[in-house]
Amino acid sequence: MLDQKKLKQLQANFLMQYPKGFADPEMEKIGKKHRMDKMVDMAKECFSKTACSNVHVTADNMVKIISRSSMVSMFEKPKFRDFVKSLNEDEKAFMVNALSEMLHGKQRAGFEALVDFLKMAKLAKWSLVTIIPAYYKPTKEVFVKPTTAKSVVNYFDIDNLVYKPTPTWEFYSGYRKLINEGKKQVDKNLSPSNAAFSGFLMMTIK
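Numbers 27 to 232, taken from my numbering, label the letters of the sequence shown in order.
Worth double-checking, as some hints may not be accurate.
[To be verified] Derived DSS-like pairs: lysine-lysine, alpha-carbon spacing no greater than 27 angstroms straight-line:
1) K70 with K214
2) K32 with K70
3) K46 with K34
4) K166 with K190
5) K32 with K166
6) K55 with K75
7) K203 with K190
8) K55 with K210
9) K75 with K64
10) K58 with K190
11) K111 with K166
12) K103 with K166
13) K32 with K176
14) K210 with K148
15) K59 with K90
16) K34 with K55
17) K105 with K46
18) K145 with K203
19) K232 with K166
20) K145 with K34
21) K118 with K103
22) K64 with K90
23) K163 with K58
24) K46 with K190
25) K132 with K148
26) K59 with K166
27) K210 with K232
28) K70 with K118
29) K148 with K118
30) K214 with K103
31) K232 with K32
32) K59 with K214
33) K103 with K145
34) K176 with K103
Treat the hints as calculated values from the structure; they're not laboratory data.
The task is simple: from the sequences and hints, build the whole structure.
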C-alpha cells in the first residue's frame, strides 16, 4: 500500500498548484493533448468481445490506437505497425486472441501470451502491452510507464514489487493493486482515471 503520509503530502503539493485537480483549467489543457475520452471510446468500440472476433480488423485497430496514443513512444509506434504488417494469418490470430483474453477472459494467460509473442520482434515493452487495457478499462487497469512505475516503487519503498524491463504479470498485478488502492486515499479530482492518478504521481514525485 502507498504510504498515506507521503501520499497526502503529494496531494497537498499538487492541489496548491492545481486547486481543482484534473478539473483545473491548466490541467484540462494538458488533458486535451492526451484525448483520453476519445481514446477510451475508441478502445471500447474496437476491442469489445464481439469486435475481437474479427482478427484482421482488431489487429488493424491495435495499430491504430497505439499509433494515436500520446502515451506510447514515437519510436515504438512504427516498429509495432511494421511488425503487425509482417504477420501471417495464424500469427495475427494469436496476437488478437492474447489481447482478447487479457480484456475478456483469463487475464494472466493473455498478458503472458502477448508478452511472449511480442518478444519475437523485441517489442515486449510495457507501453505496448498495457496501453489498450488502460484505455479499455480506464478505472481498473493501469498503463505502466517505466519511469513512473520505478519512481512510485522507489519513493514509497515498495519492497515486494520488482520492476523488470520485460513486462511480468507479477509486477503488473501488484502495481495495479497499488494504484487502485492509492487513488482511494486522495481527492477524487486526482483520479478521474488510473492514467490520471499515475500522472499526478509522476508530476509530484521528485
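> Against the structure shown, which of the earlier numbered hints fail to hold, in ascending order?
Replying inline: 2, 6, 10, 11, 14, 17, 20, 24, 30
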